[in-house]
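A.B. asks: Following the hints, position chain L against chain Y.
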Amino acid sequence: QQQVRQSPQSLTVWEGGTTVLTCSYEDSTFNYFPWYQQFPGEGPALLISILSVSDKKEDGRFTTFFNKREKKLSLHIIDSQPGDSATYFCAARRTGGNNKLTFGQGTVLSVIP
Amino acid sequence: GPKVLQIPSHQIIDMGQMVTLNCDPVSNHLYFYWYKQILGQQMEFLVNFYNGKVMEKSKLFKDQFSVERPDGSYFTLKIQPTALEDSAVYFCASSLRRNTLYFGEGSRLIVV
Numbered sequence: 001q002q003q004v005r006q007s008p009q010s011l012t013v014w015e016g017g018t019t020v021l022t023c024s025y026e027d028s029t030f031n032y033f034p035w036y037q038q039f040p041g042e043g044p045a046l047l048i049s050i051l052s053v054s055d056k057k058e059d060g061r062f063t064t065f066f067n068k069r070e071k072k073l074s075l076h077i078i079d080s081q082p083g084d085s086a087t088y089f090c091a092a093r094r095t096g097g098n099n100k101l102t103f104g105q106g107t108v109l110s111v112i113p
Numbered sequence: 114g115p116k117v118l119q120i121p122s123h124q125i126i127d128m129g130q131m132v133t134l135n136c137d138p139v140s141n142h143l144y145f146y147w148y149k150q151i152l153g154q155q156m157e158f159l160v161n162f163y164n165g166k167v168m169e170k171s172k173l174f175k176d177q178f179s180v181e182r183p184d185g186s187y188f189t190l191k192i193q194p195t196a197l198e199d200s201a202v203y204f205c206a207s208s209l210r211r212n213t214l215y216f217g218e219g220s221r222l223i224v225v
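Going down the list, the protein sequences come from chains Y and L.
Quick note on numbering: the first sequence equals residues 1 to 113 in the working numbering.
Quick note on numbering: the second sequence equals residues 114 to 225 in the working numbering.
Chain Y extracted, bound-state conformation:
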């Protein structure tokens, strides 16, 4: 059973366009949601994160939105660049847990010049 579901599996956008990735989850005890960016041959790197007490967090061209009622979150990338081409993972962590992250399946993003 997938605890964190991510969509789409892959996505292609034109340079300058807006990318939208989404995740949903079941476990209401999840309270921290990081997004990781992974380039081929590299490990995942934290991109942006949000706590369940917030509904939006912005960092430059990257914004994550959180909807607690619907148990959904999204990552928006404005003015997408070819250098943004990577795999993006959403993840979730429970309150009071051992800092264990549960990852979604990932979205492979290709930004075409």
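Calculated directly from the structure, the hints in this document are not laboratory data.
Note that the structure is predicted; figures quoted are calculated from it, not measured.
Just so you know, even glycine gets a beta-carbon here, dropped at the ideal spot from N, CA and C.
There may be inaccurate statements among the hints.
[Unchecked claim] Lysine-lysine pairs mimicking DSBU-like chemistry, simulated, CA-CA at most 30 Å apart: (1) L:K172 - Y:K71; (2) Y:K72 - L:K170; (3) L:K170 - Y:K71; (4) L:K116 - L:K191; (5) Y:K57 - Y:K68; (6) Y:K56 - L:K116; (7) Y:K68 - L:K172; (8) L:K172 - Y:K72; (9) Y:K56 - Y:K72; (10) Y:K56 - Y:K68; (11) Y:K57 - Y:K71; (12) L:K170 - Y:K68; (13) Y:K57 - L:K116.
[Unchecked claim] Label-pair restraints from in silico Cβ distances: (14) L:L173 - Y:D55: 28 to 36 Å; (15) Y:T95 - L:R182: 22 to 30 Å; (16) L:R210 - Y:E70: 28 to 36 Å; (17) Y:S10 - L:S122: 20 to 28 Å; (18) Y:K71 - L:Q130: 37 to 45 Å; (19) L:P115 - Y:V20: 24 to 32 Å; (20) L:K172 - Y:K71: 20 to 28 Å; (21) Y:T95 - L:Q154: 23 to 31 Å; (22) L:K166 - Y:L46: 22 to 30 Å; (23) Y:T95 - L:P115: 22 to 30 Å.
C.D. replies: Showing chain L alone in chain Y's frame:
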């Protein structure tokens, strides 16, 4: 940013043999993790480790798996004996406290 180093980057090993994957975590970090990623799939939690002890392990952390960090050196994942289904990329991560995880570049293990 902080770097987690993993050795080896790639290893091919015969089924049944032992393998040790090494991780050099960020120097002042206290919490250590191993994740497993099969090609095209999400990363799955194996185990986390703090103060010389396993804090939590998943059902993927089979009896053939073990972790240790002797005398503050490498944080290691040992698989003995290896099985075909152990073929994957293993990512080590570390964190200072129960916060941001920093991942290494992974060790690709191929069991033949």
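A.B. asks: For a quick check of understanding: which of the numbered hints are violated here, in increasing order?
C.D. replies: none
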